[in-house]
Amino acid sequence: MTAAPPPAEAIIDLDAYRSNLATITQQVSPASLMAVVKADAYGHGLEQIVRTAVTAGVGFLGSLDIPTALAIRGLDLPDDIDVFAWLHSPQDDFAAAIESRVDLGVSTVAEVEAIAAARVQRPARLHLKIDTGLHRNGASESDWPELVRAALAAQDRGAVELRGVWTHIAEASAEEDTDAMRRFDRAIALAEGLGAVFEVRHLAASAAGFQRADSRYDLVRVGAFTYGIAPGGGIGPADLGLVPVMSLVSRVSEILSHGDQLRAVIPLGYGDGLPSELAGRASVAVRGQRYRIISVEVDRLLAEVGDGIAIGDAAVLFGSGTAGEETLQEWADATGTIGEEFVVRLGSRIPRRYVSD
Amino acid sequence: MHQFRLHEARIDLAAITHNVARSINSGGNHSAAVDVRADGYGHGAVEAARAAELGGAAHLLVSSESDAAALQDAGILLPTSVVSGEQPTLEPGLGLVPVARAYGFVGGGDWRPAMRVRARVIGVKSIAAGEGVSYGYTFRAPNATNLALVAIGYADGIDRHAGNLCGLLLRGARRPIVGRVAMNALVVDMGEDQAAVEDVAVVFGDPAEGEPSVSDWSETLGKRPSEVAANLGARLPRSRA
Chain A
1 MTAAPPPAEA IIDLDAYRSN LATITQQVSP ASLMAVVKAD AYGHGLEQIV RTAVTAGVGF
61 LGSLDIPTAL AIRGLDLPDD IDVFAWLHSP QDDFAAAIES RVDLGVSTVA EVEAIAAARV
121 QRPARLHLKI DTGLHRNGAS ESDWPELVRA ALAAQDRGAV ELRGVWTHIA EASAEEDTDA
181 MRRFDRAIAL AEGLGAVFEV RHLAASAAGF QRADSRYDLV RVGAFTYGIA PGGGIGPADL
241 GLVPVMSLVS RVSEILSHGD QLRAVIPLGY GDGLPSELAG RASVAVRGQR YRIISVEVDR
301 LLAEVGDGIA IGDAAVLFGS GTAGEETLQE WADATGTIGE EFVVRLGSRI PRRYVSD
Chain B
1001 MHQFRLHEAR IDLAAITHNV ARSINSGGNH SAAVDVRADG YGHGAVEAAR AAELGGAAHL
1061 LVSSESDAAA LQDAGILLPT SVVSGEQPTL EPGLGLVPVA RAYGFVGGGD WRPAMRVRAR
1121 VIGVKSIAAG EGVSYGYTFR APNATNLALV AIGYADGIDR HAGNLCGLLL RGARRPIVGR
1181 VAMNALVVDM GEDQAAVEDV AVVFGDPAEG EPSVSDWSET LGKRPSEVAA NLGARLPRSR
1241 A
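So the protein lines, in turn, are chains A and B. Everything in the first sequence is counted per the working numbering, starting at 1 for the first residue and increasing by one. Everything in the second sequence is counted per the working numbering, starting at 1001 for the first residue and increasing by one.
Because the hints were derived from the structure by calculation, they are not lab data. Even for Gly, the Cβ is constructed at its ideal location relative to N, Cα and C. Mixed in with the good hints, there may be bad ones.
[Said to hold, decoys possible] Not everything, but these chain B residues come out facing chain A in the computed CB check (under 7 Å):
(1) 1038
(2) 1127
(3) 1227
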């Protein structure tokens, strides 16, 4: 039996990724860029994205967690590449992370102590997190002095090395982000008053880092924008000088007649991670024309089409727009979400194909 | 002890076997097909196929020849049919075990849910009235309250629309998700109760044990339970009950 072609492929344009890295690097300069590669590089494939980022000169990678950080270290990158992990399970191998020089984000005294207790020769490199209003992790202002003191005590024992201080902001409004920055400044000043010295201060992610110079501090953590995923709300990637990196391309597998209507069958469905709310809200491009998706089923979707399309035609679901297709921003705006949700959800059985000039 | 790292989908294969057998017994004596598309709707196609075979299934439905070959390679000997769409056309004489029954998406009537999704609490804090939670501050606390940060997010298959809409079972009560679901975490409102780091929250599981059901989620989100389960099961580490 010959292998059937896959129902679709995700084409990853590494030139677009490099172009976005260059645009963002220039925009955030003199702050540095941390390229965030969590969630399998937002569904784009960890290894290829990491290698491309490092070759392009990115010196800091954000991995989310220790297993991903260790996978990155397993790629045998140059020694001076920094890798940052910040979401920990008590089951994580802190010793392996420290040995592999993974920078660790910490929010609580318990985390500092668990890390300091790892039996390794080298000190763990810590970034202390303050909660400046997002109310996810990060130490509350009232717990902050205790966290700083615990880290300093562990540093005096040689178990850790304080390297960074960081937070996340809500991007609810410019005023509230400014308030968060002032809380961040106060937390830094308080920690410095207790004797802490921070080499890297970081607060901003894609949107704030791109727009607000005062949010950049020493380092900006950018995920979505590096993949050409715009924030939405009408703002597309081209408005920011970014190029979408992923295109999802399938083909017309069948054409059905329904009364006087023609419906193209595309062999991708919610089993591949495409949400059913695309039905009636988004389109697929065939031969440069957009056709409305009318239903998303387990393993196929239906689009209402006109004459002049044929079985086997390429069907572009999302991409950079050059083949007439919608961008992720348009899909996201139409379905009330953000572009990231589509790419991280895309089934692992859809092959990723890397292209580059 | 909870062995999983941060979150998991625990699959009860005996529940699939039970549900398939029960559906076949209640549906007459025809030969029955079980649908294992979408990686067994997130339960694992190979494992679900084996469990279905034990329950008396005579046939399996898949989306492609390569999915059929994968089952064969795993040693599944049942015949397969490649079908597509929501109401696949079956060969004459073949009955279909409805997906909602096979995987226990339907409540009551002794159908047993086959997937339980759980995640760890990784942070707790208290906030004052008026303070916001998560990106965009789409939730602002009307009163002082306690929050728990749970390590599961939209990259794990939680629908981003679940923010300010759905809830998790934690410390004996349903706790609403407040604010936006992030890529790797979400926040629930504990009210006057306190959670602790290391607690385990149930996203959905067995309503007979007081847990939310997959149907609670799908009804709130306005989508099929099969889509909710397929999304989470595809992304989360899976373990066997």
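Consistency of the hints with the structure:
About 3 Å separates the beta-carbon of residue 1038/B from the nearest beta-carbon of chain A, less than 7 Å, and the hint is met. Interface restraint check for residue 1127/B: the shortest CB-CB distance to chain A comes to about 6 Å, inside 7 Å, so the restraint holds. Given the 7 Å rule on beta carbons, the hint for residue 1227/B holds: about 4 Å separates it from the nearest Cβ of chain A.
Of the numbered hints stated above, none is contradicted by the structure.
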